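Q: Each chain, written out:
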Amino acid sequence: MSGHAGLFAIVGARVIDPANGIDGERTVLVRDGRIAGVESPGALPSFDGVRGERIERIDARGLWLLPGFVDLHAHLREPGEEHKETIATGAKAAVAGGYTTIVAIANTRPPIDNAALVRFVKKKGEEADLARVLPAATITLGQKGEGLTELVDLAEAGAVCFTDDGRPVANAGVMRRALEYSRLVGRPIVAHEEDLGLAGGSMHEGEVSVRLGLRGVPGAAEEVMIRRDLVLAELTGAHLHVMHVSTAGSVRAIREAKSRGVKVTAEATPHHLTLTDEAVKGYDTNAKMMPPLRPEADRRAIVEALQDGTLDAIATDHAPHATVDKELEFDKAASGIVGLETAFALTLRAVQRGELKLTRAIELLTSGPARAFQLDAGTLTVGAPADLTLIDPEARWKFDAKKSSSKSHNSPFDGWEFSGRVVRTFVGGRVRFEL
Amino acid sequence: MTALAERHLLGLEGLSREAIEHLLDTALTMREVLRRSVKKVPTLRGKAVVNLFFESSTRTRMSFEVAAKVLSADTYSISQTGSSVTKGETLVDTAKNLDAMHPDVIVIRHASSGAAALVSRHTRAAVVNAGDGQHEHPTQGLLDALTLRERWGALDGKRVTIVGDVLHSRVARSDAFGLTALGARVTFCGPPTLLPPELASLGVTLATSLRRAVEGADAVMMLRVQNERMDGQFLPSSREYSRTFGLGLEQLEWLKPDALILHPGPVNRGVELSPEVADGPRSVILPQVENGVAVRMAVLYLVAAGHAEEHG
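Just so you know, the sequences run in chain order A and B.
Each residue of the first sequence is one higher than the last, beginning at 2 in the working numbering.
Each residue of the second sequence is one higher than the last, beginning at 23 in the working numbering.
Bound conformation, chain A alone (with noise of 0.2 Å):
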């Protein structure tokens, strides 16, 4: 596989690429790592006059070929807390679920808050050569809420986005200076939209929280800070991202938000897709994320504004933990889930059940995100990074969470069953996982 980096064509394979509007069987074209070509079938020459050279074919009958997918959230926890990750492996986990580029989120220990650390994440990202890594840098410095980081340098070292992650700004006043000063880069404030004073349970507030007697955080708690950061986004007319959407009244707020023209782009990940908090019940911690599981009245608001287009783009929130930091009280755990390997099943998974239409899935997973953050991705517009992700969609498998690439196995998803499995992920042109 690895003998045709240079110049070859994939043949035969339904070609889903959404931002194009194509959904058909279609030979592409890859050179010198880009796409060179998307043409009909049997269009394509045996010999490349560019290059000069006879163009190698990779039979990918029955299987689609997708753009290379991308998140924007995933941590990586390099530097700090390699135990339970490291960019390398997350990276490996990446290519593993046919991601082609992430975003690393910048809640590490240290957070990156300074260019040198946004040059450290990235040189590991160009060191792994897997998924391509790019950092966020956060909004202010050591996540304290208080002082302004260098954005200017920062997005000049290659910070692609701003985060303060689960530690959200309290103070609206910095909050506003932030939108305000990140126009002069042009990169989006994102936010993990949390009133900390609402906050501090370990699952959703609501019947299955009082009958487990755990603490619950209600979806006031998000949607409070949703609504003050769009009032913020409005004020300064800056790009405001809003992180993992999980219940009816942010969407609501978002949607009317969006139709008065507020520049706000928002995500929402595949577990408030795919679970309620009904998963909870036996105290399983990882069903412990926040935002936390919320009832399926909030989990079918949430297909709803992602088949609208309310939400833009389906993003992992891949947050590995180790044993020790799960194998806990339930209150005592870590909140999160590992998601890369697992996050394009689960999106498949709401096709099959006819909860999304099938080419706006393969969007919320490529040039959905890709165009929340204006990046060069999930396109296989010609002159676009050829990353590209091969599927089988007929593969019936099971996820082994111990087996997987990531460092940590903290996943509700153990041992279920899907149909539809990637088989090939490319990046820049070169084979980055193979089944």
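To be clear, the hints were calculated from the coordinates, so they are not data collected in a lab.
All values derive from a computational prediction rather than experimental measurement.
The beta-carbon is built from N, C-alpha and C at its ideal position, and this holds for glycine as well.
Treat the hints loosely; a few may be bogus.
[As the list claims (entries may be wrong)] To spell it out: a stretch of chain A is covered by chain B in this simulated footprint if at least three of its residues, at any positions, have a beta carbon under 8 Å from a beta carbon of chain B; those stretches are:
no.	region
1	209 to 222
2	326 to 332
[What the hints assert, rightly or not] Selected chain A positions facing chain B (in silico; Cβ < 10 Å):
no.	residue
3	Ser203
4	Gly283
5	Tyr284
Position chain B against the provided structure of chain A, taking the given hints into account.
A: Okay, now just chain B, sitting in the frame of chain A:
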């Protein structure tokens, strides 16, 4: 013989009326043993019962110990101080290490909801939940049911009102499951900050007026409100709580003349219950304690019997 569909007793949620009645019937037999001058039967001879108490407790802990000893089990007690927990050992490690010593029953009290379920996944012993966080306290629910059943004959159609910090109360949850399974109608009463509307999904009625909640009740269970809730987070003050939700002689007038007063202990005298009411003729607080031992004997007997069947 086994009364429990599952090997463990983690909660009363989902237990059938038959299973609960059987536990209570067994407890009555056990109480008869407890009242003898020679309080010893060989029922659990050769069985090892570990009491794993991570939270302070007088009544429940002592009660489980007495219960095990009357049944001739060997008992071992571990508390948080003086155990490896203070050295940072996780609950799962503690469970696995105890399991290696072949206990038959592990009784656990822990501050985290779900702790008993977690231990049950890492041991072959039968696990009895002696109170896990704000989740359940099943033996308390059983002893309350036993206390009421013997006063009334049956709980069907009886109205039981539980007053106080029901949000954070494992007793309230176990009572709600246990008493409603036996046919009682349960009302939760407290200030709105401690009474989220979702609690109604447990099959209980919610009320914020003490007077309305206790009028017509056949029994009133007063819960203790922890001091940490009364520092302005959930309640403005202990004083205001007491005058709004406390039960004194004046409020007693609202109750039916034959209504019973229960309390799971320990009582905050003068806060939720005035001393006159706590020690008054309608109070069944001390019979609750005696029944507590009887119920725990029954539970230990039944889970150990189930355990023997499985491993025999």
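Q: Hint by hint, where does the structure go against what was stated? Just the numbers, ascending.
A: none
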